[in-house]
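Q: In order, the protein sequence lines correspond to chains A and B. Using this note's numbering, the first residue of the first sequence is number 17, and each one after it goes up by one. Using this note's numbering, the first residue of the second sequence is number 17, and each one after it goes up by one.
Simulated from the structure, these hints should not be mistaken for lab results. Hints are not guaranteed to be accurate.
The list treats identical chains as interchangeable, and a pair is accepted whether it falls inside one copy or across any two copies.
Derived lysine-lysine pairs resembling DSS-like cross-links, with alpha carbons at most 30 angstroms apart [to be verified]:
no. : residue 1 : residue 2
1   : K120      : K153
2   : K154      : K24
3   : K154      : K77
4   : K43       : K125
5   : K28       : K77
6   : K120      : K154
7   : K77       : K45
8   : K125      : K45
9   : K111      : K45
10  : K125      : K111
11  : K43       : K120
12  : K77       : K18
13  : K120      : K134
14  : K134      : K111
15  : K111      : K77
16  : K111      : K22
17  : K28       : K120
18  : K120      : K24
19  : K134      : K153
20  : K77       : K153
21  : K43       : K18
22  : K18       : K125
23  : K120      : K18
24  : K111      : K43
The primary structure of each chain is shown beneath.
Number of protein chains: 2
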Amino acid sequence: MKEEEKEKIRTKAFEYFQRAGIVLSLKEKEDMEIADLGLNDFERTGIVLVIYVNNSRYCAKEMVLLPNQTCPEHRHPDHDGIEGKRETFRCRYGKVYLHIEGEKTENSKAHPPAGDEKYYYVYHEIILLPGDQYTIKKNTLHWFKAGSEGAVISEFSSPSDDASDIFTDPRIRRVSND
Amino acid sequence: MKEEEKEKIRTKAFEYFQRAGIVLSLKEKEDMEIADLGLNDFERTGIVLVIYVNNSRYCAKEMVLLPNQTCPEHRHPDHDGIEGKRETFRCRYGKVYLHIEGEKTENSKAHPPAGDEKYYYVYHEIILLPGDQYTIKKNTLHWFKAGSEGAVISEFSSPSDDASDIFTDPRIRRVSND
Chain A
17 MKEEEKEKIR
27 TKAFEYFQRA
37 GIVLSLKEKE
47 DMEIADLGLN
57 DFERTGIVLV
67 IYVNNSRYCA
77 KEMVLLPNQT
87 CPEHRHPDHD
97 GIEGKRETFR
107 CRYGKVYLHI
117 EGEKTENSKA
127 HPPAGDEKYY
137 YVYHEIILLP
147 GDQYTIKKNT
157 LHWFKAGSEG
167 AVISEFSSPS
177 DDASDIFTDP
187 RIRRVSND
Chain B
17 MKEEEKEKIR
27 TKAFEYFQRA
37 GIVLSLKEKE
47 DMEIADLGLN
57 DFERTGIVLV
67 IYVNNSRYCA
77 KEMVLLPNQT
87 CPEHRHPDHD
97 GIEGKRETFR
107 CRYGKVYLHI
117 EGEKTENSKA
127 HPPAGDEKYY
137 YVYHEIILLP
147 GDQYTIKKNT
157 LHWFKAGSEG
167 AVISEFSSPS
177 DDASDIFTDP
187 RIRRVSND
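With the rest of the complex left out, here is chain A (with noise of 0.2 angstroms):
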């Protein structure tokens, strides 16, 4: 993605947080993360990330999913000795559409973006709304989708190793190189 796209995502993202009424310092909305997850739909498939902190006991970050846009379908192994990541989203603004293993939800409100459903698996749908969360257990499928006016997350969690999740989709690098 080319730095004048991500820079615009980055004040698009910005606004988000401004509505659900987080401060950010200067240096975190400079290291604002956007992630396209190397797919090249950022519309559709990605997210963006603040990290507050990530240290060997801890992890909390915020997390802006633009509208309907997905964080696709992944799980966090045990990894080179060390458990999964556990997880708590809690929602600060809008709607997100959390999806896990589990019964599948019937007349569930979301769906994977058209033509990648063969990369989901699970259709356990928990809806959350500001002041709603839900822990997700190490090693669990999940994907989350924000509804139409778009989300806020914060995320609470132990420590967090991007490079040792696994998506479900193969196309997917979850660490860039651009």
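The hints should help you fit chain B onto chain A, whose structure is shown.
A: Structure of chain B alone, referenced to chain A:
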């Protein structure tokens, strides 16, 4: 503290959460912890807490300090074979005067509650405004005080076990039986 008084404080704290743009669930509002630490001096010394999540791997909470209120000096030691708590304070609203071990700050802005100076040993002052954060190592003495507008602080940390906290003031009982 009487339940009526606690309810008044909850209402006031809730106003601060609203100013910080933080949305709480109904249960979180009801479960809001009014910690007077057994001192019966809440306006000057105490804190309001909302625990989002506290499991075996990480913890996240929100805290409110009323104007000029102090959370008194304490540390989180190793205990029962468990490593002492590491924690990151992030200011969301107002101003926080955090004091930790280290070189004494000349002309510091905040002071311990008058008359209680003998229970305060550390005077390295760090000022946190909205968007600022600071990580405190385990077993490090610290205390923190709000400015005249009060403060809302997010805490991200390793697991929290209040019973193992060690306060400098021997009158303090962290886990109240009230």
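Q: Where does the structure disagree with the numbered hints, that is, which hint numbers, in rising order?
A: 2, 17, 18, 22 and 23
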